[in-house]
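Now for the letters of each chain:
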Amino acid sequence: MKKTRTSDIVISVCLYLVLLGFILFLDRTLPATDIALTVLKKGCIYSLVAVSMNLLNGFTGLFSLGQAGFMMIGGYTYAILTIPVEARDSVYQYFNGGIVRFSVPFWVGLIAAGIVAAIFAWLIGLPVLRLKSDYLAIATLGFAEIMRAFFQWDSLGVLTNGSNMLRKYPAFRSTVFPFVTASLCIGIIVLIINSSYGRAFRAIRDDEIAAEAMGINLAKHKRMSFCISSFFAGVGGALLAMYQTSIQAAPFKSAMTYEILLIVVIGGLGSVTGSCIGSFLFIACSEWWLRFLDAETTIGTFRVPLLRSGFRKVVFSVIIMLIVLFAQKGIMGNKEFSVSGIRDWLTKKKQKKEAGA
Amino acid sequence: MSQNILKAEDITMQFGGVVAVNNLSLEVNEGEIVALIGPNGAGKTTAFNCITGVYEPTNGRVSFCGTPIVESYPTGKMKKQYLGENAGKYTRRIVNTPDVITKAGIARTFQNIRLFSSMTVFENVLIAKHMRAKQNLFTATFRLNHAEEQRMRSETMELLKMQDLDHLKDEIAGSLPYGIQRRLEIARALATDPKLLLLDEPAAGMNPQETQELTDFIRQIRDEYHLTIFMIEHHMDLVMQISDRVYVLDFGKLLATGTPEEIQNNPRVIEAYLGVSEEDA
Numbered sequence: 001m002k003k004t005r006t007s008d009i010v011i012s013v014c015l016y017l018v019l020l021g022f023i024l025f026l027d028r029t030l031p032a033t034d035i036a037l038t039v040l041k042k043g044c045i046y047s048l049v050a051v052s053m054n055l056l057n058g059f060t061g062l063f064s065l066g067q068a069g070f071m072m073i074g075g076y077t078y079a080i081l082t083i084p085v086e087a088r089d090s091v092y093q094y095f096n097g098g099i100v101r102f103s104v105p106f107w108v109g110l111i112a113a114g115i116v117a118a119i120f121a122w123l124i125g126l127p128v129l130r131l132k133s134d135y136l137a138i139a140t141l142g143f144a145e146i147m148r149a150f151f152q153w154d155s156l157g158v159l160t161n162g163s164n165m166l167r168k169y170p171a172f173r174s175t176v177f178p179f180v181t182a183s184l185c186i187g188i189i190v191l192i193i194n195s196s197y198g199r200a201f202r203a204i205r206d207d208e209i210a211a212e213a214m215g216i217n218l219a220k221h222k223r224m225s226f227c228i229s230s231f232f233a234g235v236g237g238a239l240l241a242m243y244q245t246s247i248q249a250a251p252f253k254s255a256m257t258y259e260i261l262l263i264v265v266i267g268g269l270g271s272v273t274g275s276c277i278g279s280f281l282f283i284a285c286s287e288w289w290l291r292f293l294d295a296e297t298t299i300g301t302f303r304v305p306l307l308r309s310g311f312r313k314v315v316f317s318v319i320i321m322l323i324v325l326f327a328q329k330g331i332m333g334n335k336e337f338s339v340s341g342i343r344d345w346l347t348k349k350k351q352k353k354e355a356g357a
Numbered sequence: 001m002s003q004n005i006l007k008a009e010d011i012t013m014q015f016g017g018v019v020a021v022n023n024l025s026l027e028v029n030e031g032e033i034v035a036l037i038g039p040n041g042a043g044k045t046t047a048f049n050c051i052t053g054v055y056e057p058t059n060g061r062v063s064f065c066g067t068p069i070v071e072s073y074p075t076g077k078m079k080k081q082y083l084g085e086n087a088g089k090y091t092r093r094i095v096n097t098p099d100v101i102t103k104a105g106i107a108r109t110f111q112n113i114r115l116f117s118s119m120t121v122f123e124n125v126l127i128a129k130h131m132r133a134k135q136n137l138f139t140a141t142f143r144l145n146h147a148e149e150q151r152m153r154s155e156t157m158e159l160l161k162m163q164d165l166d167h168l169k170d171e172i173a174g175s176l177p178y179g180i181q182r183r184l185e186i187a188r189a190l191a192t193d194p195k196l197l198l199l200d201e202p203a204a205g206m207n208p209q210e211t212q213e214l215t216d217f218i219r220q221i222r223d224e225y226h227l228t229i230f231m232i233e234h235h236m237d238l239v240m241q242i243s244d245r246v247y248v249l250d251f252g253k254l255l256a257t258g259t260p261e262e263i264q265n266n267p268r269v270i271e272a273y274l275g276v277s278e279e280d281a
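First to last, the sequence lines map onto chains A and B. The end of the first sequence is residue 357 by the numbering used here, with every number in the run present. The end of the second sequence is residue 281 by the numbering used here, with every number in the run present.
Read the hints as simulated data drawn from the structure, not as lab findings.
Partial list, derived from the structure: chain B residues whose beta carbon lies under 7 Å from chain A:
1. P98
2. D99
3. T102
4. R108
5. F116
6. S117
7. E123
8. I127
9. A128
10. A133
11. L137
12. A140
13. T141
14. T192
For each residue, glycine too, the CB sits at the ideal point set by N, CA and C.
Work out the full structure, taking the sequences as your base and the hints as a guide.
Written out as structure tokens, the structure reads:
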């Protein structure tokens, strides 16, 4: 365990505030539809969801693929609870305005999104967490798909609006809101990981039998990790709903879970900062930097081969394969990016230099 | 002074058609060092697993400090076959998961070392303090009970110092040499504040010099921590030197029991270990 000095904490907080200031500056100066802001907003949301998935897959060693399902539950909970009463008639136009006849402030909706996702996780966890590795992945993936179909079911339309979208709920316009909310949630996850419970989770990941022999109640701790992870996935889903300003069950496919899994693997299983870096990279590449691959381009009279709609996905797949083959640990491995880490690295380098001279 | 701390009665563990442990009964008294020996595949580790809750035995009862921790029996016709006229006496199975048994005061090590290999030496030992910590997820996350965390850490540090592992505390457990991993595993078991320590082949892979050191070490921790020790071991030097009593297991059945001298001269034990000699055949 590395010692964290007070000065490091102060520097970290300062860095965070500088970053916040920078985002505020971008938010004020760039037009609201600028691609950089889109990447930042979506990156923040995906960071939160990726870190929550990392808590489960990277820190507790439970290979779960239900993240999109919990995001959807969170997003729907938020939307259903916060649509203003006067807008309900137009949103639920096929269902006589729905059965929910009240609305709550957005922050209550956000917390409720997490809580409802955690309740679903608790219920599904009872049978599913007895399974291990691939079996757990299959069961959670199945659960997410079932939930998606369930939310589109017409008989539940008074609640979920069937396969129509929910909209007109409060959303955010500034980039600061998702940034602050996501970093607050990630901060809580980091506190959990570094607490006694976090150590117990990592012990379970390293060796279940030994963990149990050390007095760790496997069922309880696995369920705990599953619920915490789902809670934050739910909050992330709610943020995503806010970002999109409308929500529908259809896009919460397993493909979304795979995107998040990809972020976690690129960033490094067992690294919170890795997941954050991974999600910004992923979002920036898929929304911005690699967009040119999808556009047919001609330079003079020369038509660049291969570039056409859909080619981006091919390139993505190749990148994934390269990572899986040659950089299995991802960008950060299981290390963290921190001020104290950099300081240690610098002092070590200095010592080496002095020793060499 | 000595009363039995661990009592196992009629333990039978069946895996399909294989009877790994067959009607094993044993007792371990407070403060003793007891060894369980037997040829490979005799069912020694299975017996340990039944006691520590890793397996639920097909039939049998285990009590620790007078409290039953395992009471198991088959259902249906087999129940009568196993329990005879006592069948009516047992109506409720007692099944405990390993963590409950550890909390009750039985700690163990494993035959093939099972450390938390990506965690540091310090964290490995600190984990053992988790189960008794007065905290919940909320207070632990927001560091509301700083004194408790501090206590866990200082107790861990103390234990590491006593075990002479404190200079390695920031090393990753998986990268340590084999001998130190063994010692760390014992230290980690001690951190659970056990009354009874089960050691599964602590001397496996050690040379005679290291085995001798281990012998002294086991005696030392028994005295320092007021422990009772029950161990599986193949090194006969070690077993004969420090055990107060020895149980011999062969093909899942108890073959003999007694002091080390009695066991060494028991013809049936010699036969099980060396095979029947040519003159007898």
